[in-house]
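Asks: Each chain is listed here by its residues.
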Amino acid sequence: MRQGAPVRSQGPPGHGTIADLSFPGRRASSLPALDVAPASVPEGFRRREPPALPEVAERDLVRHYTALSQQNYGVDTGVYPLGSCSMKYNPKVAEQIAALPGFQRVHPLQPEATVQGTLELLWRLERAICAITGMARATLQPPAGACGELTGLLLMRAHHAERGEQRRKVLIPEAAHGTNPASVRLGGYEAVTVPADDRGLVDVRALERLVDDDVAGLMLTNPNTLGLFEEDIERICAIVHGVGGLVYYDGANLNAILGKARPGDMGFDIVHVNTHKTFATPHGGGGPGAGPVGVVEALVPYLPVPRVERVEPDGPYVLAHDAPRSIGRMHGFHGNVGVLVRAWTYLAAHGADGLPEVAERAVLNANYLAARISAAFPLAYPATRPMHEFVATARGLKAATGVRAADVAKRLIDLGYHPSTVYFPLVVEEALMVEPTETETRETLDALAEAFLQVAEEARRDPERLHEAPLTTPVRRLDEARAARQLVLRWPAGKARRSEVKVT
Amino acid sequence: MEFPDDLRYTKEHEWARRENGRVRVGITDYAQDALGDVVYVDLPEVGARVRANEPLGEVESTKSVSDVYSPITGTILERNAALEDRPELVNAQPYGDGWLVVIQPDDPSELDGLLDAGGYRAFVEAGGQEG
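As they're listed, the protein sequences go chains A and B.
Going by the numbering used here, 145 is the number at position 143 of the first sequence; the sequence numbering is gapless.
Going by the numbering used here, 275 is the number at position 126 of the second sequence; the sequence numbering is gapless.
Everything labelled a hint here was simulated from the structure, so no lab data went into it.
Please note that a few of the clues may not be correct.
So, partial list: chain B residues that the calculated Cβ filter (under 7 Å) puts toward chain A [said to hold, decoys possible]:
id	residue
1	Val188
2	Asp191
3	Ser213
Even glycine gets a Cβ: it sits at the ideal position worked out from N, Cα and C.
Next comes chain B alone, as it looks inside the complex:
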């Protein structure tokens, strides 16, 4: 299971990557493995406002429908249109072509409050659930 060092992580199993002031967001390797085969991804429109720790969309697998929580407050700049025809990219490349959205953050420093790779790995190894 991969935990790339250059990412920040939420306890809801999303990752966030800083890219020149913007933030790219996806779900983690652990999340895609737990969900199983992803069959549909519901993402917000470009321009939509999202708030940290609130649902920005949904990932549907053969097992369940799960909310995706935004790691940061801001505005949607891009959504991964490739997932419409190929939702399986989320399983195959969760940190690559399976990304979900790009967000223009109101306050980029908000990411500093999230887990780093080591912290997230420890969280997953402890069971991956809050509380």
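If we strip away everything but chain A, and leave its shape as in the complex, we get:
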């Protein structure tokens, strides 16, 4: 069996933090002798003793952090099937383009005439996003998907306010991403849950009962959070439009329909895209990100400013601020432009003819993997074919062996794989949410499937062992309950080792 990339513990054992390597007098750099007059720091601001910084040689510093980095797992080391997150491989061509001096060495306050290339890229990216989503115009400002959601809700509010309406409710399906209800609250609305039917899709009859003229809109992903295409989407949009509400497309799952179907054609009014999901920009450690938001013609006046415009067909690109009905800024300057450069590069590299293949392969890979592991981990909603990701359940395994989804995930780490998402969406018991993405080969998918099946087999043979997984990692199973009940939010200063850490 082919293995994934194992998580190794390298370097000298027993070293907790860089502080543990500290030795008095060691330095990573030698400063030249002071050749200017020392500045005098006022007495009241002077430290009484030096800060407790680790004293290490450059060699120790490099080895320590290199050893830590080798314990990392990422899309560059192996398959990362974290459902609902679209952990795509990030093509290196995007890094090369983003590193070009023309994009990297510019300042947002430069005169427009000197940054025409960057403005043209933003202009082209906006048009590409509109072409893909079926929207009229878009803002590139929101620095993340959740900020895109808030932007969308503020646009919704502006739309209703201009009609003199104070609507209070926003509908969200019960399987929605956690950010949706949070954004609804932040946008000043009350979240109302729409139940799913036995297909795992929006219960249209329930929706009909829930809508009234207090509903500002509906937020939906399609395919939905179970990875299933909302077949009744046109009917759903018509119901919400029927009471004067707007329909918001959460772009979390756009990958499944890229170049195949457009939210605008389904009836959506507002769309956000996550460039770190659909357009393969790096997820990073929480940022920087980008969550562009597109809207239909009627909502264009409310979009944030400034907007990149072109005065005449072949004329220069300019930043237009004049939009009196705009909701204002959602971010400083023009959003995270470095990320937007990568997103445009991804789109340009694929081209209009390549993007549909992205969706096809993403859907094919997910369905292949779902079929390969279904004997051990059946689909939660087998009646509806999944799209780019699928939700399986370990419910049967738990009943038979006591092994839960969390145990399966931990054991996958031992076998060299990043686990799938577990326990989400909440509506599925013992959920395993798997999204292999389009770039993985059949060999990788087969190996991952074998790993899932091996875990199921081990669960029948030796369930106790699985409760203890992972067995091979630098840190064994973490006590999540204790970590949440007894928060320790900082590493104690000084020389404390792990065994000495006390809850304070």
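Given the coordinates of chain A, work out where chain B should sit on it, guided by the hints.
Replies: Relative to the frame of chain A, chain B by itself:
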């Protein structure tokens, strides 16, 4: 899995116990097992008004945050302060020291509309979900 006979149950997996005109409320054994390790419990203040079938607080586990629905309309008389430091009581003793609140009901007979132990057991054995 326990289904004490002296309790009434909701389909959202809360239990309610009559105590001299008052109603003590918690989540069921089934609920705590499904949630996994409870790490935080968010309860209403004493004096707060709660309505039947509407959220009165939240139970957070290592897996999820779940609303707790009030089984009855009334006013909060007591909240279980012990859960602040020991939320694990909800797992260890869901029908005992892991109780959540005591409610002064507007209409005690409202409890008669809830499931009895047999009805709740059947509901759980059928999958424990509405619809």
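Asks: Does B:Val188 meet its interface restraint, that is, does its C-beta lie within less than 7 Å of any C-beta in chain A?
Replies: B:Val188 check passes; min Cβ-Cβ to chain A is 4 Å, inside 7 Å.
Asks: Holds or violated: is there a CB of chain A closer than 7 Å to the CB of B:Asp191?
Replies: 13 Å, violated
Asks: Should the interface hint for B:Ser213 be scored as holding, given a Cβ-Cβ cut-off of 7 Å against chain A?
Replies: 5 Å, holds
Consistency note: the structure conflicts with earlier hint 2 alone.
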